[in-house]
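J.: Following the hints, complete the assembly by docking chain B onto the known chain A.
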Amino acid sequence: MRVAVNLSFLLPGVVGGSEEYSVRLLRAVLDHHPDVRLDVVAHDALFQSHPALEQNAVRIGGPVGVRPYRILTESLVVPRHTRHADLTHHFGGRIPSRATSPAVVTIHDIQPLDMPENFSSTKTAFLRRALPNSARRADLICTPTRWVADRVVERLGVPEARVRVIGPAVGRRPIPSERDSMASVTGNRPLILFPSVTHPHKNHRFLIDAMVRVHQHRPDALLIFTGGPGLAAEPVAAEIARVDPDGAFIRHLGRIDESLLMGLLADADLVAFPSRYEGFGLPALEAMQAGTPVVAANAACLPEVVGDAGCLLPLDDPERWAIEMVELLSDTDRRARMAAAGSVRAENWSAVDASARLVDAWREVVS
Amino acid sequence: MKMRWEARGDDIGGDRTPSCQTPTVRPRVAAVVESCWHRVPGGTATSTVRSLAAVRARGAHDIVGLAARHSGPPVLDELGDLPVEHLHLPRAALYEAWHRFRRPPVPRRVGRVDVIHATGGVIPPRSAPLVVTIHDLAFLHRPEHFTAQGVRFMTRAFELAQAEADVIVVPSETTAADCRSHGIDQGRLRTVPWGATRVELGEKDRVRVRARYDLPDCFVLFLGTHEPRKNLAALLEAHRSAAPDLPLIIAGPDGWGESVRTDPAAAVRAIGRVPAEDLAALYDAATALAYPSLLEGFGLPVLEAMAQGTAAITSATTSTAEVAGDTGVLVDPTDLSALGAALESVASDPDAWVERGRRASQRAALFTWAATGAALGAVYDEVAA
Chain A
877 MRVAVNLSFL LPGVVGGSEE YSVRLLRAVL DHHPDVRLDV VAHDALFQSH PALEQNAVRI
937 GGPVGVRPYR ILTESLVVPR HTRHADLTHH FGGRIPSRAT SPAVVTIHDI QPLDMPENFS
997 STKTAFLRRA LPNSARRADL ICTPTRWVAD RVVERLGVPE ARVRVIGPAV GRRPIPSERD
1057 SMASVTGNRP LILFPSVTHP HKNHRFLIDA MVRVHQHRPD ALLIFTGGPG LAAEPVAAEI
1117 ARVDPDGAFI RHLGRIDESL LMGLLADADL VAFPSRYEGF GLPALEAMQA GTPVVAANAA
1177 CLPEVVGDAG CLLPLDDPER WAIEMVELLS DTDRRARMAA AGSVRAENWS AVDASARLVD
1237 AWREVVS
Chain B
119 MKMRWEARGD DIGGDRTPSC QTPTVRPRVA AVVESCWHRV PGGTATSTVR SLAAVRARGA
179 HDIVGLAARH SGPPVLDELG DLPVEHLHLP RAALYEAWHR FRRPPVPRRV GRVDVIHATG
239 GVIPPRSAPL VVTIHDLAFL HRPEHFTAQG VRFMTRAFEL AQAEADVIVV PSETTAADCR
299 SHGIDQGRLR TVPWGATRVE LGEKDRVRVR ARYDLPDCFV LFLGTHEPRK NLAALLEAHR
359 SAAPDLPLII AGPDGWGESV RTDPAAAVRA IGRVPAEDLA ALYDAATALA YPSLLEGFGL
419 PVLEAMAQGT AAITSATTST AEVAGDTGVL VDPTDLSALG AALESVASDP DAWVERGRRA
479 SQRAALFTWA ATGAALGAVY DEVAA
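Top to bottom, those sequences are chains A and B. Under our numbering, think of the first position of the first sequence as 877, with each following residue one higher. Under our numbering, think of the first position of the second sequence as 119, with each following residue one higher.
With the rest of the complex left out, here is chain A:
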């Protein structure tokens, strides 16, 4: 089977979760299904970041940082390279207007429709037409969670039978064995971590509010944010400066190396996920793998991922989050039980399973 893969929407290091999801899934297909040929169509920069995908690379040049240019190349250039394939899989949530058929599309989430206030009006207007249009034309739609699948069915009016849930192809990322330079930041203080780009829906300010209350009971506890700047970067920074001008209990480290992040995920006492919207929430799964208890919002896909292994809380009451986190920080037994349950639950997702499901979906379309 020959599958053309459209990753031309990807700018390495910019979109975060969906890059991670797409690249890992495709690598798992290459690892576990040598009979499938992948022709990856993407901008040159992507292959530089992910040489594993280079095998049958179709490179697109040009000013990739310019969104209209990317949209134009998707329609004009991508179809030229996909016509020899048995099918084309578009990982960017959208099927370009002149795409070859059959076509499969991965919709990571439909946040621009669910939360238009977080996006520019141009982008929302564009996607409001493009998403339902793509969904209608797709032979199959893949989503990372059942929750996104349900949103797609409800919001885009797609029949359930055309949607497949393909979870992320997670391996276990290595955890550095020695405490490294992070120790100088964290000391031996109880550590709450939220690794996430500062987008509005990630809800950093809610966690800051809860942390102010935690601080009153546990002045030794430290909240660490990691992740690059998003659309809410300024208000988040301003809020941190307002409640904790000396950096006594909240630190924002910005984007950090993957190995440092894995070390922090493993060393943290709690990982908190106050997001209002997540298509998957990979760091929650990675925290569970590393044996770190997760406190997450009872929202979006988080209950599906974290389940009964974590502590799920409604997003209407920062006081309740604070109480729960203070209790957890002092209850080693409960943290160990949650960590154990999380590590066992994390085994539900694997690269072998995810790639097998994806290849099955492709075969279904081709046959």
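Just so you know, the hints here were simulated from the structure itself, not pulled from any lab data. Among the hints, erroneous ones may be present.
[What the hints assert, rightly or not] Label-pair distances were calculated between CB atoms; the ranges are:
{"#": "1", "chain 1": "A", "residue 1": "E1134", "chain 2": "B", "residue 2": "R270", "range": "25 to 33 angstroms"}
{"#": "2", "chain 1": "A", "residue 1": "S1135", "chain 2": "B", "residue 2": "R157", "range": "46 to 54 angstroms"}
{"#": "3", "chain 1": "A", "residue 1": "L1107", "chain 2": "B", "residue 2": "V269", "range": "52 to 60 angstroms"}
{"#": "4", "chain 1": "A", "residue 1": "L1129", "chain 2": "B", "residue 2": "G320", "range": "49 to 57 angstroms"}
{"#": "5", "chain 1": "B", "residue 1": "R157", "chain 2": "A", "residue 2": "I1132", "range": "29 to 37 angstroms"}
Backbone N, C-alpha and C define an ideal beta-carbon position, used for all residues, glycine too.
T.: Then chain B, alone, in the frame of chain A:
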């Protein structure tokens, strides 16, 4: 259905070949060495690393240590070149995952495994024949000496051992009898006593240690973690009433539930944890060892003191009686007057204790780590076959 080798997951290193053992392949044993990272490693850790080293010295088994994820080196730094595989979970979570969910499987981390050895405490899932060492069943007899959480943990470990162990290794007849009376069939029990190696001391070592701890000529030594089971309070009480002038040196780290209050007026002095390199000379300098533990699985300090020619005042009612035999003074550890009389005999007749010490060192020569290694290796072969 997943192939066996596929189910190991994606983070394994080492041997990837599927398990199809030929007679020329040495059995691969994964043994838990987590106790080396305990805050107070104690006899469990010491006996584990020395037993494993003795098995390795015979060259017939591949041993790999198993431990939780740690950010620092082990507290008991005697692992030498033993390869250790760290599972990805920290200790509390790993123990919980193993005991509650019986996951993650050991082979996922270490590849092919022919024997899994739970060396005391946590019981990994039985993904290969399982050997479990039970040091003692103190938590059943004296739960008040443990935290509630500790009792829950050890109860679960004992249940798992009963249900899943192919062979249960015990260090003494005392523990073997205790296991039998708690429902473990004799057919599954193997008694593998520990060993001690006599350290040949030079005059320099003797002088150095005597000066370092300011040791008197004649004194009684207590050595052990300060916890209720070691019965230190009774020893101090007996000392106060029967032989208050006899110097008593208390060595060993603070455990829990009991801190030593030394009376500056009495001849009692606590010297804290003693580094390994000073131990032999400290035993050698002592006139007698006092080790009136209420319950022991073996009682390594008694044997180590004997190896250096120092006999023990110890319990007649637990495993230390097997170790000391007729070289020690065996007393009921709850009988303060008997304990007092034994201490008094050290003060009144030190020469008799020199003679006891000579016999003790002869008896100690019967217990060697080489013998431990041979017996444990035979257990591995038995279950791997």
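J.: Please check whether L1129 of chain A and G320 of chain B have a Cβ separation lying inside 49 to 57 angstroms.
T.: At roughly 55 angstroms between Cβ atoms, G320 of chain B and L1129 of chain A fall inside 49 to 57 angstroms, so the hint holds.
J.: Could one say that the CB atoms of E1134 of chain A and R270 of chain B fall in the range 25 to 33 angstroms?
T.: violated, 38 angstroms
J.: Does the hinted range 29 to 37 angstroms hold for R157 of chain B and I1132 of chain A at CB?
T.: For R157 of chain B and I1132 of chain A the Cβ distance comes to about 31 angstroms; the hint holds.
J.: Taking the Cβ atom of S1135 of chain A and the Cβ atom of R157 of chain B, is their distance within the range 46 to 54 angstroms?
T.: With Cβ atoms ~28 angstroms apart, the hint is violated.
J.: Could you see if the CB distance from L1107 of chain A to V269 of chain B stays within 52 to 60 angstroms?
T.: holds, 53 angstroms
Violation of the numbered hints given earlier is confined to hints 1 and 2; the remaining hints are satisfied by the structure.
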